[in-house]
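What follows is the residue order along each chain.
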Amino acid sequence: EAQVTQNPRYLITVTGKKLTVTCSQNMNHEYMSWYRQDPGLGLRQIYYSMNVEVTDKGDVPEGYKVSRKEKRNFPLILESPSPNQTSLYFCASSLGQGLAEQYFGPGTRLTVT
Amino acid sequence: AQSVSQHNHHVILSEAASLELGCNYSYGGTVNLFWYVQYPGQHLQLLLKYFSGDPLVKGIKGFEAEFIKSKFSFNLRKPSVQWSDTAEYFCAVNEAGGFKTIFGAGTRLFVKA
Chain A
1 EAQVTQNPRY LITVTGKKLT VTCSQNMNHE YMSWYRQDPG LGLRQIYYSM
51 NVEVTDKGDV PEGYKVSRKE KRNFPLILES PSPNQTSLYF CASSLGQGLA
101 EQYFGPGTRL TVT
Chain B
1 AQSVSQHNHH VILSEAASLE LGCNYSYGGT VNLFWYVQYP GQHLQLLLKY
51 FSGDPLVKGI KGFEAEFIKS KFSFNLRKPS VQWSDTAEYF CAVNEAGGFK
101 TIFGAGTRLF VKA
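Protein chains in written order, with our numbering: chain A, 1 to 113; chain B, 1 to 113.
Be a bit skeptical, because a hint or two may be false.
Calculated pairs, DSSO-like style, for lysine-lysine (alpha carbon to alpha carbon, straight line, at most 27 angstroms) [what the hints assert, rightly or not]:
1) K65(A) to K100(B)
2) K100(B) to K71(A)
3) K100(B) to K57(A)
4) K17(A) to K57(A)
5) K69(B) to K112(B)
6) K71(A) to K49(B)
These aren't lab readings, by the way, just hints derived from the structure by calculation.
Between the sequences and the hints, there should be enough to build the whole structure, so can you do that?
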């Protein structure tokens, strides 16, 4: 089954404790992206990747890092999480840029205390 | 900078009522336009998209949207909603050939049975 998976689905952590949210897709998509969803703000793009070893900042990249060492994986790293990073995070993938439909993962609900 | 505005944050309708959700974007160039839907507890999924051609596009589950270039709008419509249409709806825009996607804040639709 074609899908985007994320782990963990739920995470409660403390300020400053490094964490990684994994994202994996099995559709051989070149393009992957991370979003955060906050009430009243919709989805805001954090980082995206056009292909292996090619990444770029979205609209809200501060406090996040990403890497794309393999085509299927695109982990999101929070080196020193803060409470304002409490949010619902979505990973997405697509065949390419522009008109390609994005396929979304199930989301990761992160709480930073 | 690009932006997407969704005029209604919450909409409550009775079954069989007609639906129109507004979406306006700000960008002067060629764009691709999308509507995504997030049913309770589910992933975001594509409802429909527009990239060129007939400005009236049809999507899944009886939804359609009309692109009006002069108004920078891409409103979503459905003639008769069902209880199962209860969900959050997101309008999204990206620059043709680009990688960044901008989402609107979303509209929560509740359909009363």
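Hints versus structure:
Proximity of K65(A) to K100(B) is assessed by CA-CA distance (about 17 angstroms); at most 27 angstroms being required, the pair is judged to hold. Simply put, K100(B) and K71(A) have alpha-carbon atoms about 19 angstroms apart, close enough for the 27 angstroms limit, and the pair holds. Distance check on the hinted pair: K100(B) and K57(A) sit about 9 angstroms apart at the alpha-carbon level, within 27 angstroms; holds. Between K17(A) and K57(A) the alpha-carbon distance is near 23 angstroms, which keeps this suggested pair within the 27 angstroms criterion.
Simply put, K69(B) and K112(B) have alpha-carbon atoms about 33 angstroms apart, too far for the 27 angstroms limit, and the pair is violated. Proposed proximity of K71(A) and K49(B) is supported: the alpha carbons are some 26 angstroms apart, at most 27 angstroms.
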